[in-house]
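Student: Sequence:
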Amino acid sequence: KKSRSPKHLRRMETALRSFRVLKGLTQQQVDNFMNSYIIYDLDWKDEKMMTEKLGPDYQNRVGECLRDYYSVLNHMCALGELEKMYIPPVMDLNATIFMNQILYEESIAEELQLPENAKVFDLGCGRGRVAAHMHMLTGAEVTGLNIDHDQVASAIAFTHEQKFPNNFVRRDMNDLPLPFADEVFDGFYQIQAMSLCKDIPKLCDELYRVLKPGARLSLLDWASLDAFNPEDTHHQDLMRKIKPLIGAVGTPTPKSLADALESAGFTILKANNASIDGLQSPLIERAEFFFRTVRIGLRGAVKFGLLPAHFNTIFDRFAQDGDAFIEADKARLITTSYHWLAEK
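Letter by letter, the sequence shown follows residues 1 to 344 in full-length UniProt numbering.
Treat the hints with caution; some may be incorrect.
[Claimed, not checked] Derived DSBU-like pairs: lysine-lysine, alpha-carbon spacing no greater than 35 Å straight-line:
hint : residue 1 : residue 2
1    : K241      : K48
2    : K330      : K45
3    : K212      : K202
4    : K255      : K212
5    : K202      : K48
6    : K255      : K23
7    : K119      : K270
8    : K303      : K23
9    : K119      : K212
Source of the hints: derived by calculation from the structure; they are not laboratory data. Owing to the predicted nature of the structure, the values given are computational and were not obtained by experimental measurement.
Go ahead and model the full structure; you've got the sequences and the hints to work with.
Tutor: Dropping the structure here:
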């Protein structure tokens, strides 16, 4: 099945709802959002620094910060083409961000090779819009897992409205084991969620447990590439700017994630940068231009008292350092469109 027609009226209604939520944020919610950025200055692999900054219970503190971050961020993203909260691989240079998302999701549906009446697991499901599209494409029942109550509530409401069979669980992916029986899913996908995982090898073991024999697993994620030099001070500076922008805690590499999958028992079928010519910058630049334009409009509205001042605070922080993301992508230091396909 193909489903490529954006529902413009529904998108406008969604954007308006999110705008109202953002307008009604309390000062505490704004403060929590701003304070949540501390985790993006850290990395899972540096446990000593995690403990120093967040305390011995740092895993739960990261979870709290993620909830504070995404409960606001998902509404900012819903104002434009990023309701699904990811910049997709460049599948078509002439297409919008939204249409490139559609094209990439169609490729997931094709490569998973799902049977009839399949059950599929979506990790980091956000507002459930990708899960909805996956059901429309394949007829599968999708189970989504996400840490943020606000996004899960949106996913459930949308699914009920559309009368889809999908279901959603609010849970931190780092609270293992996963809340599912052995060998229950016919397929798995995730989009840019793995950097939030504290122990990727352990999570891969869990994915192996809950997938049926022969099931396929599709991942799209953030990774540092071979050209990135951790000793180069400019590269370090770019990394410090990019991680808060894309919401990355860990920094996997193509090899580290492939190794974790293979150690769990999966066979790697494909590992590649899914973007045309390995570059996402054409779409990153579109997103950066959109939010730069939004910020100009918001500043004017705040100046004349039409909107509360916190609009400037949250949007300035959210859209900060887009130029660093573009530079690093063009230099092939990092990507958020690395793709792995594996099979149990």
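Student: Hints first: check each against the structure and report whether it holds.
Tutor: Tested hints:
1. K241 <-> K48: 21 Å, holds
2. K330 <-> K45: 26 Å, holds
3. K212 <-> K202: 18 Å, holds
4. K255 <-> K212: Roughly 25 Å separates the two Cα atoms, so the pair holds.
5. K202 <-> K48: This hinted pair holds, its Cα atoms lying about 20 Å apart.
6. K255 <-> K23: 43 Å, violated
7. K119 <-> K270: 22 Å, holds
8. K303 <-> K23: Roughly 15 Å between the alpha carbons, so the hint for K303 and K23 holds.
9. K119 <-> K212: Holds, at about 10 Å.
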